[in-house]
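2 protein chains.
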Amino acid sequence: MSLCTKKRKLDKNVQDHLYFDSYADVTIHEEMIADHVRTNTYRMAILRNSNAIEGKVVLDVGAGTGVLSIFCAQAGARKVYAVEASSIADQAVKIVKLNKMEDRIDIIKGTLETIDLPEQVDVIVSEWMGYALLHESMLNSVLFARDKWLKQGGLILPCKAELYIAPINDLVSEDRLNFWSTVKNQYGVDMSCMADFARKCIMNNDITVNPVTVEDVLSHPSKFAELDLFTVTVDQLKSVKGTFSCDCFGSSTVNALCVWFSVTFPGGEKPLVLSTSPFKQETHWKQAILYLDEPVDVEQDTKVEGEINMYPSAESSRHICIHVDYSIGQLKMQSKTFSIPDGYSESQP
Amino acid sequence: MSLCTKKRKLDKNVQDHLYFDSYADVTIHEEMIADHVRTNTYRMAILRNSNAIEGKVVLDVGAGTGVLSIFCAQAGARKVYAVEASSIADQAVKIVKLNKMEDRIDIIKGTLETIDLPEQVDVIVSEWMGYALLHESMLNSVLFARDKWLKQGGLILPCKAELYIAPINDLVSEDRLNFWSTVKNQYGVDMSCMADFARKCIMNNDITVNPVTVEDVLSHPSKFAELDLFTVTVDQLKSVKGTFSCDCFGSSTVNALCVWFSVTFPGGEKPLVLSTSPFKQETHWKQAILYLDEPVDVEQDTKVEGEINMYPSAESSRHICIHVDYSIGQLKMQSKTFSIPDGYSESQP
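Same order as they appear, the protein sequences are chains H and L.
Count the first sequence with our numbering and you get residues 1 to 349, in order.
Count the second sequence with our numbering and you get residues 1 to 349, in order.
Isolated chain H, as found in the complex (with noise of 0.2 Å):
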């Protein structure tokens, strides 16, 4: 984490090059199959919508290994168009044939905005979720194929996304700067001065992902934003931003806000929702931890409320940033700007 890696503004083409490669490698599809959570939800979704998919065309916007197309195939959809642009789109074309459904699934290597279908589609599905929801951006693919090639009245899985924010006191972090009050104890070398050094580094701008405990939550979540993913646009994801409005549980020590997201599937008397947050089972996408510079005291009903505004980085469109501005009970408003540091994808947690 912390080899010095410069921002540097990249050229697009490149930015994409670095994306797209980053999902070749296998640990990510490790990952991603293996986060029970992810996997699942989109199985019973698909399987619950099987009605909508039967003899349907469907489009996979960034297939991946192909694991959700061929749900859709499971799901009795007469075509699948699993779009993928990364060498990882190779793989794919063996797994279909080994499930031996190449006659209704075509793999098609590729990014979404340049490569073209012989038909409109019923379904769009698409596994496009990043860290805090829209690092790494891949919604605009979903979006652009939706205007695209998704018919009237067509149905997008998932089909609505939901951000969430909490304050709460992260031991982790607690516990690292603790750490150099300990070495005296250790080796008869005082280090607790170093405390003041860990905090400047370790609750710095860096959007940090992490599990969060539930114990370490101090509040009800409050929903700061919704994308209906029927109606969002292009250019409403360059900031997406709501206001908050926590009342603590108790007597604790704020140190850090935490965001997360969830997305909803359409069908069935109660949607199925595929939640990445601390109140329920990890997903690989964890939290995402913003570190206050300095901890603050709270009681119970103290309020902790702001704005908060998720937009890409200037230096690449991939990236996300937040920005949050925030009071905690009578403070004043204070702001800080987030970034999710270079070469951190999903596959490097």
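Because the hints were derived from the structure by calculation, they are not lab data.
Source: prediction; values computed, not measured.
Among the clues, some could well be false.
Identical copies go unnamed one by one, so any copy, or any two together, can satisfy a pair.
Here are the simulated DSS-like pairs of lysine-lysine, each with C-alpha atoms no more than 27 Å apart in a straight line [to be verified]:
id, residue 1, residue 2
1, Lys100, Lys200
2, Lys238, Lys223
3, Lys100, Lys79
4, Lys332, Lys148
Start from chain H and add chain L according to the hints.
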């Protein structure tokens, strides 16, 4: 790990800047201090040599947070010159003050090759070891310090380094390959053909730094190189090589060779050894795993033998490459060259 990091021939100054910058972050120092085997062995070695240190002048090469310098002052050194090129030197200044040793420890911010000292030294202490011993090649600076600043008959801590190799059956990677055969049971999609691709991705030409468990080691280790720090030259570090021969304990499958090191401190009847062997307590250096392209079955007394050569990469002199010629039993000699991926410093294990 998977983000495409094209190897570029970096300007030496940029290389150094990247290298020294990475040590300014707190994570690497936290990891090194918390590595009890490392820090405590140095502490014991310094205290054991207090006869040679008391009233003498010490040079600490790559002092980091200055912890070894403080151990030397505690052992009675009259003066310690603590040379550190990265900005962690600023923290070392604070730590030395906190421990009231500013009269005896001078923190000198700069590279060993460019700084000046007011006097020759009696003792050089340095924790210069990188992954696979020679990654990040700080040993060159220790040898430079020895030739320029160490008095005739002076002491070097540690004074010897040894390199070992053994064939292993790395179960972590086998489990990862096997994962793809379990997908069908979980989700009804046969992805077993991904194992081939996974093997190419995982069993690649990277030096993989991971802990190896003692159960995975298939023979007694073979020592293939030894460096006497009093006599070894910078020129000799351009190619550290040796032969090895291992007799397998019993029936198993070799899928990798494992390389590790130990360093030995002078003094006392039984020399103190800091070992990173898989047979000993784990350290932050873990072990260096060199995957074979294909696993090979072995029996009791099957010979695994060959020659190994470690040398700095042509792209970056701080990056280590390992070339191995090996034969297993009756199979013909094979060759493979490994290197540590870009951006892989001790802070990014």
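**Request:** Would you pick out the hints that fail for this structure and give their numbers low to high?
**Result:** Violated hint: only 4; rest satisfied.
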